[in-house]
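Here the protein sequences come in this chain order: A and B.
First residue of the first sequence: 1056, per this note's numbering; consecutive thereafter.
First residue of the second sequence: 5, per this note's numbering; consecutive thereafter.
Be a bit skeptical, because a hint or two may be false.
To be verified - Quick look at which bits of chain A chain B covers, simulated, 3 or more residues with Cβ under 8 Å:
| id | region |
| --- | --- |
| 1 | 1149-1156 |
| 2 | 1281-1288 |
To be verified - Just a sample of chain A residues kept apart from chain B, beta carbon distances all over 12 Å, derived:
| id | residue |
| --- | --- |
| 3 | VAL1067 |
| 4 | GLN1076 |
| 5 | MET1112 |
| 6 | VAL1118 |
| 7 | ASN1137 |
| 8 | MET1159 |
| 9 | PRO1189 |
| 10 | ARG1194 |
| 11 | ARG1195 |
| 12 | LEU1224 |
| 13 | GLN1239 |
No lab work stands behind these hints: they were computed from the structure.
Predicted model, so just to flag it, every value in this text is computed and none were measured.
For every residue, glycine included, the Cβ atom is placed at its ideal position computed from N, Cα and C.
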Amino acid sequence: MKDRQRTETSAVPMLEVRELQSRYGRIRALKKVSVTVHGGELVALVGANGAGKTTLMRAISGVQPITGGRILFEGKDISRMNAAARVRLGIVQVPEGRRVFGAMTVEDNLRLGAISRSKNEEEEGLERAYDLFPRLKDRRRQLAGTLSGGEQQMLAIGRALMAKPRLLLMDEPSMGLSPLLVDQTFEIIQKLAAEGMTIFLVEQNAYVALSIATRGYVLEGGVTTLDGSGEALLHDPRVKEAYLGV
Amino acid sequence: MLAEFLQFLFSGLTVGAIYGLIGLGFAVIYNASHVINFAQGEFVMIGGMATVFLMKAGVPMPLAILIAIAGAAAVGWVLARFGIETARGSTVVGLIIITIGASILLRGLAQVIWDRNFHALPAFAGDTPIQILGAALLPQSLIIGTALVLTMLGLRLFFEHTRIGKAMQATAIDPLAAQLVGIDTRRIVRLSFVLSAALGAMAGVLVAPITMTYANVGVMLGLKGFAATIVGGLGNPLGAIAGGLIVGIAEAMTAGYLTSAYKDAVAFIIILFVLLFMPNGLFGRAEVTKV
Ligand SMILES: Nc1ncnc2c1ncn2[C@@H]1O[C@H](COP(=O)(O)OP(=O)(O)OP(=O)(O)O)[C@@H](O)[C@H]1O
Ligand SMILES: [Mg+2]
């Protein structure tokens, strides 16, 4: 186990974002963002409101144009690849605000998650998703828009898992959830990480994110300014002051 | 009295079904891309005109119809691929203007390639009307009604029981989330143009035996189809069908009881009325729960 981890970290990183830039018209949302995620890691990037977290996630998924820098997946430059091709590679995102297809059933939402996979994989994935989230099985014929916030979060995660991610991107999974549901969601994230899933999550809620992360980054005004182990960042005075209100 | 009313109703339902089919095309494209395709009427024209000229060249009618519909679908693909996609990053209004340009171009091309004359297609099942309570029902009307019902059933199967149909629904609900699950939304937009063009061309073929066809026939039919979608609620396919029937019946009643001089004005009065008083159409936009 130790050996595997060492070889994996020394090998080509799963995701490497190099000096990425992105803008909305004249607004420069990402100025210089560099992030590395190795296979099997759970990496958290924390940043305040408007720091550029969502823009970064969208750029990695290929739905936000970049104006500079590069995105490498397993050493290969994917900067010009379209979003659907990136999902086929295994880069799958749970978007901010969950964005389930409200007017469609829970099961249709899950099945759509597997649209880049074969019909067989779709059926297998569905079984796994229902094992992981039995609630969703009970509600599978219900419209996704009628689910509670917590259930929608499960659906959004389940839908992403249907695509057989190799790298799971999560944009602010704690958003809009009660403290109890935030805990539940982060338990699921930890469980997935323990099973070997590579996860890159961005959060405003720095405390929960850094507590479970192997490594972390701080994003400020479109620039990654700090990085270190989750533990180290949690105790860094600059992080404490800015994000943990200490 | 009753016979007269029935007569107007039959004719209203017949043209209404055609408007509904055209309106359906508007809805399909709107859902995939939020573009209102003002070249929809030209797809209708291509359906009718291509069938006429293929038959003049000796192609048997059923084959001519299939080729005409396939040809219109191909034109739809070209419009999506080279008109809409190359202008990506342009605003929706920009894209709508592109469709207006395409409609003018297609009309011009039709006049050059074909001609400027009026043409009729033979009715598919003869001209002998069926008498119902003193009113005459044309066999072509029955064919149009049947085609409408079959189209609705077919689309239902497509949207609710196929992967690609569900992908189209998802794209209509939330294009960004659709892309994030791996749906190639550009392909969906192309498919929506192909599907709408085929629907429009089919309407054009069906209506040609009743109203004649010519290079500019799509102008008025396109606007009537647009009225159907507005009445039914933009992006609501079933609403478009209902809207088409409403516009068709209103038109036929106006022509029958008042004067046919105002017939074409009816659709515009309905559009204005709906836009002013119920901007979401009579049935509302297909409810989408946003979270
Ligand atoms: N569609 C847009 N058009 C213009 N500016 C935008 C757009 N989306 C985001 N921005 C701007 O880009 C910057 C980064 O936004 P982004 O949404 O990436 O931040 P974030 O870190 O995800 O914030 P939050 O914590 O609120 O989700 C902000 O200044 C924001 O105002
Ligand atoms: Mg955000």
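Now for the hints, and whether the structure bears them out:
1. With a threshold of 8 Å between beta carbons, the proposed coverage of the region 1149-1156 of chain A by chain B holds, since 6 of its residues qualify and at least three are required.
2. Residue count for the region 1281-1288 of chain A with a Cβ under 8 Å from a Cβ of chain B: 0. That is fewer than the three needed, and the coverage hint is violated.
3. Residue placement check: VAL1067(A) keeps its beta carbon more than 12 Å from all beta carbons of chain B (closest about 24 Å).
4. At roughly 18 Å, the least C-beta separation between GLN1076(A) and chain B is larger than 12 Å, which holds for a residue marked as non-interface.
5. Look at MET1112(A): its CB is around 9 Å from the nearest CB on chain B, not clear of 12 Å, so calling it non-interface is violated.
6. With a closest Cβ-Cβ approach of about 5 Å to chain B, VAL1118(A) is found to fall inside the 12 Å limit, against its non-interface label.
7. For ASN1137(A), the requirement that its beta carbon stay farther than 12 Å from each beta carbon of chain B is not met, with the minimum near 7 Å.
8. With a least beta-carbon separation of about 6 Å from chain B, MET1159(A) fails to lie farther than 12 Å from that chain, contradicting its non-interface assignment.
9. No beta-carbon of chain B comes within 12 Å of the beta-carbon of PRO1189(A); the shortest separation is about 22 Å.
10. Every C-beta of chain B lies more than 12 Å from that of ARG1194(A), the closest at about 14 Å, which supports listing it as non-interface.
11. ARG1195(A), annotated as away from the interface, keeps every beta carbon of chain B farther than 12 Å; the closest lies near 15 Å.
12. Its closest Cβ contact with chain B, about 9 Å, brings LEU1224(A) to no more than 12 Å, contrary to its assignment away from the interface.
13. With a cut of 12 Å on Cβ distances, GLN1239(A) stays outside the contact zone with chain B, its closest approach being about 18 Å.
Of the numbered hints listed earlier, those contradicted by the structure are 2, 5, 6, 7, 8 and 12.
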